[in-house]
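Single-letter residue listing:
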Amino acid sequence: MTMTSPTTNATLTTENLAVTYTGNREVEAVKGVSLEFAANRLTAIIGPSGCGKSTLLKSLNRLHEIQPNVEIGGDVRLNGESVYDADEPVPEIRRRIGYVPQEPTPLPLSIYENVAYGLRIHGDYESKADLDERVERYLRKVNLWGEVEDRLDAPGAELSTGQIQRLCLARSLAVEPEVLLCDEVTSALDPVSAETVEETLADLKEEYTIVMVTHSMDQARRLADDVVFLYLGEVVEANDVETFFENPQHERTRAFVDGSAIPTTGAVDGEANGDGDGNERATTTDTEPGEPVVAER
Amino acid sequence: MTGSTETESAADGSSRLGRRLLAERLSGYWFGGAGYFAVALFALIVLTLLYQSLPLLAEYSVVQALTSSNWDPAHNEFGFLPAIVGTVYVTLLSMAMGTPIAILAAIYIAEYAEGRTKTIVSSFIDVLAAIPSVIFGLVALLVVVPFVGDYLAPAVGSDATGLGIFTVSLVMAIVVTPFMISLAVESLEALPDELRESSLGVGATKWETIRSVLLRAAGPGIFSAVLLGFGRVFGATIVPAMLIGGQTQLPESPLATGQTLPTLIVNDFGELMSLPLTQSALIFVGLLLVVVVWLFNFGAMVVRRRLRRRWQY
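Protein chains in written order, with the working numbering: chain D, 4 to 300; chain X, 186 to 498.
Any given hint might turn out to be false.
What the hints assert, rightly or not - Some chain D residues judged to face chain X by a derived CB distance under 8 Å, without partners named: (1) Ile69; (2) Ile75; (3) Gly76; (4) Ala160; (5) Val178.
Worth flagging that the hints you see were computed from the coordinates, not collected in a lab. We treat Cβ as the ideally placed atom computed from N, Cα and C, and that holds for glycine.
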């Protein structure tokens, strides 16, 4: 292991990914989503509440499986390898595709042990000194080291929510994931803490492939390289951030970006989707040309 | 009020406000009254027990009463040691048998069981917790006592009849385990899913998540569940009275007959209360039970507070 983490260059793609809740009422939360989350870029998934953003995010590392009665269709691929038919056990997949929840969630452990948690589980360290060094490295990476170095043994929960959210990022990064999934990680924070976490994410996207769910268009504009607009479980538009906001290709995207009512019917057909111009960016990939990714309701 | 004129409704409004404010002021008193009533009741019970214990304490020192093993009310000998030892035996044995099973079952129900299985298993546990303990005593007389007397005791080379400390402990474990399971399940299920997601999200397995995260986070709640079970065993009366054999002597083995503090009161209550000193001795036993439970709850509160701080999430 070298001192500096290498950039990971991991690409995450979904192929007709569908998530259906099969409880009392059958709900298709994510409908045939095909996307490419490009390496070392930050992709923001935006959309109105209940559009399936979080479900989509959690299905990327199979974390939705802790809920009963969920069915999955299609597949997710990490660097081309299937996540759902993987030979690799699920915990190893989740180590490679980390997840940070919306609510700042310290584990019931000390600050130090919160970061060391994954390392201890995977046995990814050679000695106590090595573990110390790694804990410090990842706390530095999320700009938290200076604030906690003299109280590493204090419970993680005693930090402020903004600090806790950075602690959670450090915990996720410590197991050296290739992809990081962030679920509205600033929405529970006050504006100042949110800004600090955003700055951290901005630093991190140089090295990691990050998929971030957000309900804030401003945040997407500030942070994202690519933007995916999800509506009623379907991808309406996926484009690089400039095109998405300055020149949206879809009536619904335009309406959402302007803050006006999103048309539920109308001129949405597959043709105006990103046409795969070969750039490394999140675009809807036409895996099955016969089926437009955005199905008409 | 749509029909009333403006002035009427204004006057109505002010008297209505007056009534609301009066109710608001009184509410503090009656809620407070109910609360202080509980405190007063506790004080009254302790004082009564203390006052009625004085005749015994005038004749014997507390140390003497607690350390003597000679219990013979007819000759004014009041040694509580056999009952104390019996109580400690029963409580420790029951908890040793019940607690691990309760925690394992709670983990299964809260984290592994799904759908119909979960509903069925947890509803059966709730039913078990609701059965009056006298029923457990009766069934144990028919099943556990013969089993212990005919099979277990001979197997370990004892000539015990089946009535005794071990039988009581086993049955009390069965009585309190469902109760502890219910409470422990509640504390596990109250945990936010984000804890599970955070742990699984760095590649932990389900078991690692349970062991390192969930059991800690739910730790104070599980600790309370175990303590409430402990309290129930400690103060248990009917099951020990039915199954312990009622011999006030130091038990030679866990299979031996014996006495617990509550059974001492129950067994001697009727016939010996006419003797003043015996009455005082039995009331002293009651005082002992109350004080121990009180100290125990207090200690539990301190420990729980520590755990909650240490394992906060």
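*Could you check if D:Ile69 really has its C-beta closer than 8 Å to a C-beta on chain X?*
Where the cut-off is 8 Å and the nearest Cβ of chain X is about 6 Å from D:Ile69, the hint holds.
*asked:* Restraint: D:Ala160 near chain X, CB-CB cut 8 Å. Satisfied or not?
replied: Since chain X brings a Cβ to about 4 Å from D:Ala160, closer than 8 Å, the hint holds.
*Is the hint on D:Val178 kept, meaning its closest Cβ partner in chain X is under 8 Å away?*
5 Å, holds
_Evaluation of the interface hint that places D:Gly76 against chain X, nearest CB under 8 Å_ = 21 Å, violated
*Evaluation of the interface hint that places D:Ile75 against chain X, nearest CB under 8 Å*: 16 Å, violated
When the structure is compared with the earlier hints, violations turn up for hints 2 and 3 and for no others.
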